[in-house]
Amino acid sequence: MKGKNILLEVRNLSAEVAGAQILKGINLTVKAGEVHAIMGPNGSGKSTFAKVLAGHADYSVTGGQVLYQGKNLLDMPPEERSRAGVFLAFQYPVEIPGVSNSAFLRLAYNTLQGARGAEELDPLEFDDFIREKIKLVGMDPSFLDRSVNEGFSGGEKKRNEIVQMAVLQPTLAVLDETDSGLDIDALKVVANGVNQLIRPDNAIILVTHYQRLLNYIVPDFVHVIESGQIVKTGGKELAFELENRGYDWVRAEFDAAKAAA
Amino acid sequence: MSAMLERLVNQPYKHGFVTPIEEEVIAKGLSEDVIRIISRKKNEPDWLLEFRLNAYRHWLTMREPRWANVRYSEIDYQDIIYYAAPRPKKKLSSMDEVDPELRRAFEKLGVPLHEQKALAGVAVDVVFDSVSVATTYKTKLAELGIIFCSFSEAVQEHPELVKKYLGSVVPPTDNFFASLNSAVFTDGSFCYIPKGTKCPMDLSTYFRINTQDSGQFERTLIIAEEGASVSYLEGCTAPKFDTNQLHAAVVELIALDNAEIKYSTVQNWYTGDENGVGGIYNFVTKRGLCKGVNSKISWTQVETGSAITWKYPSCVLLGDNSIGEFYSVALTNHRQQADTGTKMTHIGRNTRSRIISKGISAGRSSNSYRGQVKIGPRAQNARNYSQCDSMLLGSACSANTFPYIDVQNNSGKVEHEASTSKIGEDQLFYFAQRGIGAEAAVSMIINGFCKDVFNQLPMEFAVEATKLLGLKLEGSVG
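Taken in order, these protein sequences are the chains called F and V. Under my numbering, the residue at position 234 of the first sequence is numbered 234, and the numbers go up by one with no gaps. Under my numbering, the residue at position 431 of the second sequence is numbered 431, and the numbers go up by one with no gaps.
Hints may contain errors.
Mimicking DSSO-like on lysine-lysine, the simulated pairs with C-alpha atoms at most 30 Å apart in a straight line are [what the hints assert, rightly or not]:
(1) V:Lys422 x V:Lys343
(2) V:Lys28 x V:Lys140
(3) F:Lys133 x F:Lys157
(4) V:Lys451 x V:Lys262
(5) F:Lys157 x V:Lys451
(6) V:Lys195 x V:Lys140
(7) V:Lys198 x V:Lys140
(8) V:Lys451 x F:Lys135
(9) F:Lys133 x F:Lys188
(10) F:Lys71 x F:Lys24
(11) V:Lys343 x F:Lys157
(12) V:Lys451 x F:Lys133
Honestly, the hints are just simulated from the structure, not real lab data.
Chain F extracted, bound-state conformation:
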């Protein structure tokens, strides 16, 4: 592991939403080429962590630091984080009536290209480009003409998120419960799409409640989050243990360790 490029460093991060303290000192280091899974019971702060990384205005950081490629991520507005390569696949992607999926994807892509000083694609060039990308998750081209997420099924919305990830080629992708609401076939399609997007120079954080996603996207690390803190870190086998034993024992162990210290 040594010598690998550190992409993300989270130090003692705490954050609140609507006056309630949700994150209470998160520590996490993510290097290029790694896949991290963040697991935990409902309400443990998993999704909050994902949203804080993306810069959602409802969440305010109350302490700690987040360095992304050595820069202070928390100082950057959400669109700059995106252009710097931070991607969030939403748990509940919003619908945007009247805006076609292809127009939205093209604007996102060209904005990013502009930020990188690279060439933008005209509608025809983009059409060729996007038709290749949607094959990754077996999406029908008719989706490109529909309004963004409007009337999409849960599974279609999640696949659309992965298409966007494929278009933007992020350096750090945070997938927030991308497996929720998917049947097993759709889960395989989405996981297969994500696997194809893993490169030695990028990293993925999978936020999930269940182990089953991890059968298809194999993590290097599994972290258990509980009451706003990472209480245990292990390898992929930890996910199986959680699946069998639930989350309570992790908390008990953590509290015991703290008491002993």
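Take the given structure of chain F and dock chain V to it, following the hints.
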């Protein structure tokens, strides 16, 4: 988020300059004498003076309508200049003779006044305050028998046509503002497409109000004979003044058998400032008569300006199988008030109408759709489809929908759909997470919202309308 949206939709009015050219004005105030002066200055025949005086006498018996969902302090009709014309008034035969100041003003407005620019395919009749200044492309159109000129010129050159059709769709007694217009109208456009002729280019008029305290009362009359068709574009701007200016126009369209008229407006009158001081009162009567069988009249409007808009471009579907359409985008900001919509009156059999209205409210504005669909006893198998969507930006604005439906024939079919939406913080965050800033996001959402209407506009106008909405939403995003 609301504060951010406010900054987004606030941007200074770009057309707020005054052109320092000498104008010939008559003193403020309204009386039979003033009307006689206007009529004399325009060298009008007696029947037209009678038309004006009858309208005026009727107007004196009327009261200003108060049913619209708009509020304003009383208008003093004696405090308005009813006639203002750029001097000198000598006849102009080529564009080069137009006052350079005036030309510069139009250049600032982006009006394609020069012949070269007009080569793009737009014939422009420019109305500056009350007098039509120059008409391009007249010769080329004349070869096809198409008459496209100022209203005053039509009175001189084609009095029989004017006499036959003036007031035939909007009678001088129609409503308070139409009566006022009938009494004091000064100029406007006249357009006549002869039998079987398809007008080869879009015809365009650009209205601009220059003089402070002047009212603009223009009169437009478009006639499409049997089998004729025309697409007509109207654009409007006005300089910034602290006082309110009244604009009370009347537009009459007549489509005979198998004729088609498409009338598109992009209205960008001065809105007043963010506290509601100044701005245009736009009280306009626009109505089309589908007189012949299989005729079609289509109104498309993009209303972004005026302090107050009171406007209902309507269709009277008299001919069997005739079609009326109304496509509208109304954007209000600051203290703007808009009460706009349409009236579809089905009289003939198998008549069809379609209404697509998109209202966008921002700031502390109020935006109302008011529409009437009436299916008369003889209108067998008449159909209407209406869709009224409202979008709210911020929480200090309001949107209302007032549909009136009156069906007197059992075979009629009327559908009405309405929706209200808000640009949500979650939508903007979604865009931001994909690298798209708030300004571009709002613009994209609004263009998507207006798509069904913009698709109806001629290409040039669609681009202008998109840009205009973009400008209205331009601002610094913090």
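* Could you grab the alpha-carbon distance between Lys28 of chain V and Lys140 of chain V and see if it respects the 30 Å cut-off? => violated (40 Å)
* Asked: Within a Cα-Cα threshold of 30 Å, do Lys451 of chain V and Lys135 of chain F meet the stated pairing?
  -> holds (29 Å)
* Does Lys451 of chain V pair with Lys133 of chain F here, judged by a C-alpha cut-off of 30 Å? -> holds (27 Å)
* Asked: Is the straight-line distance between the alpha-carbon of Lys195 of chain V and that of Lys140 of chain V 30 Å or less?
  -> holds (17 Å)
* Hey, Lys157 of chain F versus Lys451 of chain V, does the alpha-carbon distance stay inside 30 Å? -> holds (23 Å)
* For the pair we were handed, Lys71 of chain F and Lys24 of chain F, check the Cα-Cα distance against 30 Å. => Distance of about 22 Å is within 30 Å: holds.
* **Given pair status - Lys343 of chain V, Lys422 of chain V, alpha carbons within 30 Å** => holds (27 Å)
* To do: Decide if the proposed pair is consistent with the structure: Lys198 of chain V and Lys140 of chain V, CA atoms, cutoff 30 Å inclusive.
  => holds (14 Å)
* To do: Below or equal to 30 Å on CA atoms is what counts here, so check Lys133 of chain F against Lys188 of chain F.
  => holds (17 Å)
* Mind checking the alpha carbons of Lys451 of chain V and Lys262 of chain V for me, to see if they're no more than 30 Å apart? => holds (18 Å)
* To do: Assess, step by step, whether the Cα of Lys133 of chain F is no farther than 30 Å from the Cα of Lys157 of chain F, and give holds or violated.
  => Measuring from Cα to Cα gives roughly 15 Å; hence the hint holds.
* CA of Lys343 of chain V to CA of Lys157 of chain F, is that 30 Å or under? -> Judged against 30 Å, a Cα distance of about 41 Å means the pair is violated.
When the structure is compared with the earlier hints, violations turn up for hints 2 and 11 and for no others.
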